[in-house]
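S.K.: Order-wise, the sequence lines are chains A and B.
Counting in the numbering used here, the first sequence runs from 1 upward without gaps.
Counting in the numbering used here, the second sequence runs from 1001 upward without gaps.
Simulated from the structure, these hints should not be mistaken for laboratory data.
It cannot be assumed that every hint is accurate.
[To be verified] Pulled a few chain A residues facing chain B out of the computed Cβ check, cut under 7 Å:
id: 1; residue: Thr26
id: 2; residue: Ala30
id: 3; residue: Pro33
id: 4; residue: Glu36
id: 5; residue: Pro44
id: 6; residue: Leu258
id: 7; residue: Arg262
id: 8; residue: Ala274
id: 9; residue: Leu311
Backbone N, C-alpha and C fix where the C-beta goes; we use that ideal spot for every residue, glycine too.
Protein chains: 2
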Amino acid sequence: MTTDETAALADRLLAGSTRALARGLTWIEAGGPRAEALSARLYPHTGRAHVIGLTGSPGSGKSTLARALATAARARGLTVGIVAVDPSSPYSGGAILGDRIRMNDLALDPGVFIRSMATRGALGGLCRAAADAVDLLDAAGWNLVLAETVGVGQDEVDVMRLAHTVVVVSVPGLGDDIQALKAGLLEIADVHVVNKADREGASRTVAELRAMLTLLPVPPGAALPPVLACTAARDEGVEAVLEAILGHMAALKTSGDLERRRARIAEARVLKIAQELAAEAVARPRSDAAGRLLAEVTRRELPPHACARRLLAEATTAHGGDPDG
Amino acid sequence: MTTDETAALADRLLAGSTRALARGLTWIEAGGPRAEALSARLYPHTGRAHVIGLTGSPGSGKSTLARALATAARARGLTVGIVAVDPSSPYSGGAILGDRIRMNDLALDPGVFIRSMATRGALGGLCRAAADAVDLLDAAGWNLVLAETVGVGQDEVDVMRLAHTVVVVSVPGLGDDIQALKAGLLEIADVHVVNKADREGASRTVAELRAMLTLLPVPPGAALPPVLACTAARDEGVEAVLEAILGHMAALKTSGDLERRRARIAEARVLKIAQELAAEAVARPRSDAAGRLLAEVTRRELPPHACARRLLAEATTAHGGDPDG
């Protein structure tokens, strides 16, 4: 990789090349200095897309809803990029996590781009990769960027913290709601959707969710997030969900909350990267300096705090600072 | 705080003063440079205690088991220090988290020391404080140091990773086992205990746990962790649990696995501290340099990766390096 190659790819991506976008996402997925350099170069061109986080328990029909929302958004003339960060997502279908996966009505629509992201080990690389992927779609000019996760782990909650509008999908029956509550998703949802509303108990689940929301602390005068029922597989109620999502963004803009949300997203993202850098600094191969320092800790010759500081200091200087300089 | 004060407290603690130990733990609980300096000074004197992690779902009778184990260990002439890092622990009883809490038979025994640790916010400070508290008890010469947590969150799992012997407590009924499995505790347990074995279904729970353990990957020739039933409240089966715990340590020593375990503990601990330093670097008050850098990220003037590196670089130099130098 050369800086020239990064610059050329960024230029083609900014010019609207879908091939360049797909290649860039492959870089992001692989991680490392190349991904960081590309991200740094594209970052100034981000900030135009409406980033929507979509999460819910497995079986909530999240992917079907994402597809239905994309279709509804296309009818309004909006382009839609979807990043599915669930490795078991139907988009990947166990095949190569390639460029656009052709699916149903959306297959031949150049206004829709779908990409699955594989996890990168246990060190939280998924969240960083997802954030960088969202940036690439944003920089490439997609209007709506939908980041889809299975919301059961902390990593998935962290991905949601990077969105302007967080949509949490439940299904009739209390189990999923409790799951969402436990994972801290209830608090961060901007729009609640009860999917598969043709099933028994849908209206009760809507009522229960609304009751739970009244128990959360909210700023004075703030509205509770809407709770909407839909059946994405039959395309019933999806238009109202899209309306609520776009309405949330419009409200963020008029209230001035958008700037606060952007600041919160930036902070959450930097925090996540800082923690990953810390984890990487400690998890380096045993052959190098990190291994020697850790051995000193094991032998009680170096206190753990001092070791952590030294590893971090090395990690922050190892890359020579700003990668796009 | 002066370096002299830290040195004096450390000396008294090493000389066996229980008052100095209690005061040191208060420093640790409060955190900051003073806690770090005390930890660094005492760290070379650690490594003699057998550190036992004890965890289980709320209601598993963990605290009762800890007390029963302490009584059994005292009968063998071993001294026991208990650090309860569950803020809702019965040891604290909602009162001041003070020195020794007097309880039943153990109340007047100078060979038992019990201390509750309060959480320090959401940034994972609990784990660091617990590790430092264990060190203080170790340096003060306690034979067994028991770190007790409620094993439902990642933070609690992290505390367990700092122990030589991890004891996971379940109760009859499958729910708790699944909970333990989900939290990643099944994999890290060295001894499984099914407490409240006088309840219906205890033998089935023991059998289910054993069956689950056979599904985990183990090195060739490695023994499965024992699964023991007991009723701590009636002091039934507790002696066998203590025997299994001490037997685990003996096996670590004879197999040479103890050194590997010590290395793993050192690494887990340094990792945790590094991640906390990262979180602290980002979470600093908005008025200072961190806030300005984050604002640049929000305005798309500085890429998130570059911001994370700069915040970490500042965090690692802010304290002037080795705090005990």
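S.K.: Holds or violated: is there a CB of chain B closer than 7 Å to the CB of Glu36 (chain A)?
M.R.: holds (5 Å)
S.K.: Does Leu258 (chain A) pass the interface hint, meaning its C-beta sits closer than 7 Å to a C-beta of chain B?
M.R.: For Leu258 (chain A), the interface hint is violated, since the closest Cβ of chain B sits about 11 Å away, which is over 7 Å.
S.K.: Hint check: is the beta carbon of Ala274 (chain A) less than 7 Å from a beta carbon of chain B?
M.R.: Holds, about 4 Å.
S.K.: If you take the shortest Cβ to Cβ gap from Pro44 (chain A) to chain B, is it below 7 Å?
M.R.: holds (5 Å)
S.K.: When the nearest CB of chain B is found for Ala30 (chain A), is that gap smaller than 7 Å?
M.R.: Because about 15 Å separates Ala30 (chain A) from the closest Cβ in chain B, which is outside the 7 Å limit, the hint is violated.
S.K.: Leu311 (chain A) was flagged as interface toward chain B. Is the shortest Cβ-Cβ separation under 7 Å?
M.R.: holds (6 Å)
S.K.: Under the criterion of a CB-CB separation shorter than 7 Å, is Pro33 (chain A) in contact with chain B as hinted?
M.R.: For Pro33 (chain A), the interface hint is violated, since the closest Cβ of chain B sits about 10 Å away, which is over 7 Å.
S.K.: Should the hint that Thr26 (chain A) touches chain B count as held when the rule is a Cβ pair under 7 Å?
M.R.: violated (18 Å)
S.K.: Next item in the hint list is Arg262 (chain A). Is there a CB on chain B closer than 7 Å to its CB?
M.R.: holds (5 Å)
Checked against the numbered hints above, the structure violates hints 1, 2, 3 and 6; every other hint is satisfied.
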